[in-house]
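Here is what each chain is made of, one letter per residue.
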Amino acid sequence: MGNLVTMDDLSNEDIVAVLDDAERLVPVAKGEIILPLLQGKVLANMFFENSTRTRMSFETAMKRLGGSVLNFSSVGTSVSKGETLYYTMQMISGYADVAAIRHPRQGAAQYSSDAVGIPILNAGDGAGNHPTQTMLDLFTIRQAHESLDGLNVVLVGDLRYGRTAHSLSHALVRFGASLTLVSPTSLKMPVEIVSDLRSHGADVTETESLNEQITGADVIYMTRIQKERFPDEEEYAKVAGIYKIEANDLVGAKKGMIVMHPLPRVDEIAPNVDSTEFARYFQQAFNGVPTRMSLLCRSLGVKVPKKVK
Amino acid sequence: MTEMRRVTAIRNGTVVDHIPSGYAMQVIRILGIDADRATPVSLVMNVPSDKIGRKDVLKIEDRELDQEDLDRLALIAPAASIAIIRNHAVAEKMKVELGDGLVNIARCSFSNCITKNNREPLPQRMRVVSRDPLEVRCYYCGRDQEIDELIGNII
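Protein chains in written order, with the working numbering: chain V, 1 to 309; chain L, 1001 to 1155.
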């Protein structure tokens, strides 16, 4: 069945197929072509935690394909009355054909997929996985560079807690990319992840300084240092704003290099970068739509036509 | 037997041999043996063993361990040997074997795992990633488990 709980649910061939389908769906995602592949199907957006981009892009993806969406939020519902995830999912599986779930607790997506018979798409579980974000990131990188093999991807910021950085680095390594990890010591990528990446034969470099990495980068992936993860203000203040890219910093960058960010950004990327050829984060946010369209089709067993018109 | 027998032989029941030294009390706990039991349990701790250096041994009268008991035991005493005794003779020998998964054996130790809500009805599940050294991961949240902590979380 078409669950997507972690990136391990997709082989490299699956990933390529999903990205190929997503590419053909771009005009549908933009509303230029009407293609009601999922007409009559219902997506349940199960958001037990706030989300803007992920929830809305799932909703747009489903609606652009002619399907409809049930939006669930845990505030003021049966969950706040103490209902378990198991029973909430049981109930929703009677109303919908597929569910996207975001939950503050790790393992919630796997748990849901064991609880019900409809396909589950993990839209973020605690500090665990966020595979649909990884897929749209891969889509964005491939769009800019065609192949992922041999790219030097520089991941910057909170690499300790950021689930986006964890899943993305695993996926990139599977396609032969090299990784440069830039973070303050307190927010380094967990050692077990780094050793895991290296055991797959990946070339991984760790450093605290961003400036020296700009000229050699094919992709700079900025992440927000998340205030809510810190035990106290003082610890946060030590590292807040430590990495910031301005348009001037990118003068020596390779042609074709792209700057990405899962958003929301605080001040990691100055607004004057937005108008440079390198900025790719708004495109990246849009790419959530065709990528999630493709994943919804896969999960529901609907084939995307070879020619979309 | 050259060495003097430390505990008398039992008529019917189970002998659990080759428990790592110091772990017999945990074995008693995970097998659900409590003070209310009507039949005797004998415990030997810290005796020399050719196989594992020092070991504990447990003799449980009038109870035959089953496969589910052995699955629990595998976490603490992967090298244990089990003998089922009937009428003073060894009727069956069993080996502890750690499978690929552990269902409802222990709770995940990660504070933010979905299974931390006691009211969630699905079973606790662990994946055995490696046997030597023992590496166990929660099937749901994917966190590696500290084995000592996991033993403390045995259900």
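In short, the hints are calculated from the structure, not lab data. Computed from a prediction, not measured in an experiment: that's the story for all the values here. Yeah, the Cβ is synthetic: ideal placement off N, Cα and C, and Gly gets one too. Certain hints may be false.
[Claimed, not checked] Quick look at which bits of chain V chain L covers, simulated, 3 or more residues with Cβ under 8 angstroms: (1) 82–94; (2) 247–260; (3) 295–309.
[As the list claims (entries may be wrong)] Here are some chain L residues the structure puts well away from chain V; computed CB gaps all over 10 angstroms: (4) Leu1122; (5) Gly1142; (6) Asp1148.
Evaluation of the provided hints:
no.: 1; hint: 82–94; in the structure: holds (count 4)
no.: 2; hint: 247–260; in the structure: violated (count 0)
no.: 3; hint: 295–309; in the structure: violated (count 0)
no.: 4; hint: Leu1122; in the structure: violated (6 angstroms)
no.: 5; hint: Gly1142; in the structure: violated (6 angstroms)
no.: 6; hint: Asp1148; in the structure: holds (18 angstroms)
Figure legend: structure checked against the earlier numbered hints; hints not met, in rising order: 2, 3, 4, 5.
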